[in-house]
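For the record, the sequence lines run as chains A and B.
Counting with my numbering, you get residues 960 to 1353 for the letters of the first sequence.
Counting with my numbering, you get residues 960 to 1353 for the letters of the second sequence.
Hints should not be assumed to be uniformly reliable.
Where chains are identical, the list cannot tell them apart; a pair therefore holds if satisfied intra-copy or between any two copies.
In silico DSS-like cross-links for lysine-lysine, where the CA-CA straight-line distance does not exceed 30 Å [said to hold, decoys possible]:
1) Lys966 <-> Lys1128
2) Lys1159 <-> Lys1347
3) Lys964 <-> Lys1128
4) Lys964 <-> Lys1105
5) Lys1337 <-> Lys1254
Derived by calculation from the structure, the hints in this document are not laboratory data.
Bear in mind that the values here come from a model prediction, so they are computed numbers and not experimental data.
Protein chains: 2
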Amino acid sequence: MLVQKYKDMLSGKSVIRQLSEFATARGQEIGYENVFDYSLGNPSVPVPQAFTDEMIRLLTTQDSVALHGYSPSLGITSVREAVAASLERRFGLPFRKEHIFMASGAAGALAHAFRLVTQPGDEILTFAPFFPEYHPYVDLTGAMLKVVPPDTESFQINFEAFEEMLTEKVMAVLVNTPNNPSGVVYSTGTLQRLADILRKKSAQYGHDIMLISDEPYREIVFEGVDAPCVARFYDNTILCYSFSKSLSLPGERIGYVAVNPACRDAETMVNMCGQISRGIGHNCPPSIIQLAVSKVLDQTADLKVYETNMNLIYRELKELGFTCVKPGGTFYIFPKALEEDAKAFCSKALQYDLVLVPGDTFGAPGFFRMAYCIATEKVERSLEALRKFVKETY
Amino acid sequence: MLVQKYKDMLSGKSVIRQLSEFATARGQEIGYENVFDYSLGNPSVPVPQAFTDEMIRLLTTQDSVALHGYSPSLGITSVREAVAASLERRFGLPFRKEHIFMASGAAGALAHAFRLVTQPGDEILTFAPFFPEYHPYVDLTGAMLKVVPPDTESFQINFEAFEEMLTEKVMAVLVNTPNNPSGVVYSTGTLQRLADILRKKSAQYGHDIMLISDEPYREIVFEGVDAPCVARFYDNTILCYSFSKSLSLPGERIGYVAVNPACRDAETMVNMCGQISRGIGHNCPPSIIQLAVSKVLDQTADLKVYETNMNLIYRELKELGFTCVKPGGTFYIFPKALEEDAKAFCSKALQYDLVLVPGDTFGAPGFFRMAYCIATEKVERSLEALRKFVKETY
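All chains should be built: construct the whole structure from the sequences, respecting the hints.
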């Protein structure tokens, strides 16, 4: 008598995971150093030493009963205060602890955000190309994720398609900038126009349309790129953050929901997150990780390698004749494949031990994603393989 | 446009939490050492040193990218293997890693178990007295928690009421032994009879009725008490465990789901947990905590103080004329109040700075809970207050 919807999901394996498993298996044959594995978005640089030092300080100096004790259901108060202060310093918005809910990574934060503002049958819109996990994240709440087709010229927003799909059933719009998989950062123009439309339609429909901003790549922005703060454009914004990428600790499950102080009922929403938690078995990120992260809020891992890798790959791609929007951040790039069927393209690339992910899974067929969170030395060797692949195949 | 059900929950404050807040506030007036705070079930003894040592070893010797990396969605393989081996040693059932799903505490484990086997509208039965958080845990999934009234003589199962309530709509039965709030351990006779009924009714209704066993107090069992393993009596058992109490680290959110190897579709169920996670934003307990806990699976914090406290309190209660079932484990005791209305009783006790929780909230009006996870010295002082309270009031 098992619940069929979850059983059915077992057969639909993630393309990204399948490719990653292929890369691991191939690595056992020829040595993993010879597999150019661009499949997974796993940080490749160490956590800041200050985080490790703070963990050890807590473990060696603090009373263990207090240190490992229950966190209040909204998060440890001092940690929420520190997060709010950091956001205020950073973005100039008057965040207070009352606007912060500590969550177990962006997945945990999004799980709360979706439940705050949608009921079964409601719609959430997001924009292709998009992180494919958004589908189970949203669909399993009973709400429905609908995907606005991409503007493939710029990977900014396809506003024409968006306005058509923004019906009365849409309760929230989900954005992800800097974007996985395109690496593109939404411009001021894009965010301004998005906010204008949301205000207009909220008024027209007589209900607030919430903007949910998924920002795990907020700190990975390349030189000279302006990455505007989404919440500055639209009051009814729920910011979902994860430290996974900025601090290189995806396994420790730490992030937060920050409700824009200007949002209607902001404090109530944060309190509601504590109730949502009871239904989904969340009960806060680990206490010691909350405490340690709160001491390094304004630091990041050394993220320079991602920009170095991006520049190498982007230059090579252009030289080889690929069409490609230059990423403004993240550790992803999303070029157009050299044939219409990106799945066929990626499958051929495997012959050269290049593990690329077809764009179909991100809602943008014909493109492919490279996750370049790997050593620069390996990127350099991979480009030889890429040249060989392209010259011998196209 | 906030979701009303969560908003409504904000006004229904937990009685336990309210009393705990009273205790804290009163502590600020007269010194917390003078408040006999029996409200909260927070462990009061340190984590084993071996856990702290292992955390420091991991932080100082392991590559941080690997250490803090993503856990596979079912948990770190070596950790699942270690948990399975420990369960096999302990209970003689052939657990393998395929039966283990790592979860963020018992709340996380239960969130998965309920979703595995119930759909909206289905019923889950549990037995009073019961942990009141079961209500939001179950009800927010869309299933319904129904509570079988207590057998107040023994706090074993009221089988007459149970058989009446075990209709075709019941998909799972939830037990908690050793029990919060009664401290009672279900006997072999109780578990045998429960299993017989479940087998009979499963056959009659043509669907498996799952037994969900919530076992956070498994390791806190007092001398001479036999605490039988629930899964040994019934194949279709899902065991939900937390290390919060046994290792004194409730804030670090670590536990597991273990599906009885004899359960129909056991391995499929564990794989399904990985899918359920995607919908509730769970994504595994923290990597470093998984790794550290896996090294101390067969250890506990020094739990003797709980038995010492229980014996002191139980003896005093009996001398003062209370009716009380002697706890076999946990750090709770659940005596009958000296007047019919336990709320009035507990309210009068507050005059003596005794913070007791009325049984109404646990589905057993007329009783009250004492959580004696406090220093023995404070228990001793509290007994003077209890004597004074009883003599002056009744």
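Each hint, compared with the structure:
1. Lys966 <-> Lys1128: Answer is both; intra-copy 29 Å and inter-copy 21 Å each pass.
2. Lys1159 <-> Lys1347: For Lys1159 and Lys1347, neither the intra-copy (52 Å) nor the inter-copy (67 Å) Cα distance is at most 30 Å.
3. Lys964 <-> Lys1128: Both. Shortest intra-copy (24 Å) and inter-copy (19 Å) distances satisfy the 30 Å Cα cut-off.
4. Lys964 <-> Lys1105: The answer is both: 19 Å in one copy and 25 Å across copies each meet 30 Å.
5. Lys1337 <-> Lys1254: Answer is neither; intra-copy 33 Å and inter-copy 35 Å both fail.
Hint violations for this structure: numbers 2, 5, all remaining hints satisfied.
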